[in-house]
Amino acid sequence: MSYRGMSYREWQKRLASAWLQQGAGGRFLEGLGEAKDGLAEHVRQAVLARTIQRAPEDALNVIGEERLLPRFPGEFVEAYRVRLLAAWEFWQKAGTLLGLALWLRAAGYEAHIWELYRYHPSLWAEFAVYLWPYRPEWTTDRWDDGGTWDDDTDWDYTLNGLEPIRTLELIREVKPAHARLRFISYIPGPRDAWNDPGVWDDGGTWNPEPVYIAGSLDVWNDGEVWDDGGVWDTYPI
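Going by this note's numbering, 90 is the number at position 88 of the sequence shown; the sequence numbering is gapless.
Incorrect hints may appear among the rest.
[Unchecked claim] In silico SDA-like pairs for lysine to any residue, Cα to Cα no more than 20 Å straight-line: (1) Lys95 - Phe78; (2) Lys95 - Pro123; (3) Lys95 - His122; (4) Lys38 - Ala18; (5) Lys38 - Ala48; (6) Lys15 - Leu41; (7) Lys95 - Ala26; (8) Lys95 - Glu171; (9) Lys95 - Arg83; (10) Lys15 - Ala26.
Simulated from the structure, these hints should not be mistaken for laboratory data.
Remember, predicted model here, so these are calculated numbers, not experimental data.
Kindly generate the complete structure, drawing on both the sequences and the hints.
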């Protein structure tokens, strides 16, 4: 007889002599088997906790510390899980342009990285980042606003309060050591909105305006910014 796939509760009872399988003896064996089933389940969960795909939140934090990729304050569990799954690729490509783009995508963003030296040689070490929401459920408060999927309202792409800080730390974590981040610009809408076939005066909907969440817009160091009515150095770069 094969016992594969059988619970300990059933197996424990079948293992005994026929006279012991009945009455009080049978109930005792079933209870003993249930205790073994519980122990086996605890062992199974402990093994699964070592895998990033199945680890509970507290175990995930420990795995991240082991990989030298700590969790940022306020970071969603699933967003952190995806970053840890990309840890091997992160350490291979850290300090490169490709690595920066891949790391931001793992964090839930589509990214365009603007190397400023291509437009002004004196800015040889500086770059800027434009971000679009790739996984808005990781970066916004949309899921907590009381709305429903079919309530005819637009998706809310507004970043949650801690996301600008997390984004800045993500870039610092992976950028080349010599490179200096000039600013981060977030576009609160799908990326393809900027690539549509319309023109400015076609009467259509305006594309989302960029939101500057870190850095300075004085790209050319001339003392002026694109919108000189405000101060943009909100976070240190």
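Hint check:
{"no.": "1", "hint": "Lys95 - Phe78", "in the structure": "24 Å, violated"}
{"no.": "2", "hint": "Lys95 - Pro123", "in the structure": "25 Å, violated"}
{"no.": "3", "hint": "Lys95 - His122", "in the structure": "26 Å, violated"}
{"no.": "4", "hint": "Lys38 - Ala18", "in the structure": "16 Å, holds"}
{"no.": "5", "hint": "Lys38 - Ala48", "in the structure": "15 Å, holds"}
{"no.": "6", "hint": "Lys15 - Leu41", "in the structure": "17 Å, holds"}
{"no.": "7", "hint": "Lys95 - Ala26", "in the structure": "64 Å, violated"}
{"no.": "8", "hint": "Lys95 - Glu171", "in the structure": "17 Å, holds"}
{"no.": "9", "hint": "Lys95 - Arg83", "in the structure": "19 Å, holds"}
{"no.": "10", "hint": "Lys15 - Ala26", "in the structure": "12 Å, holds"}
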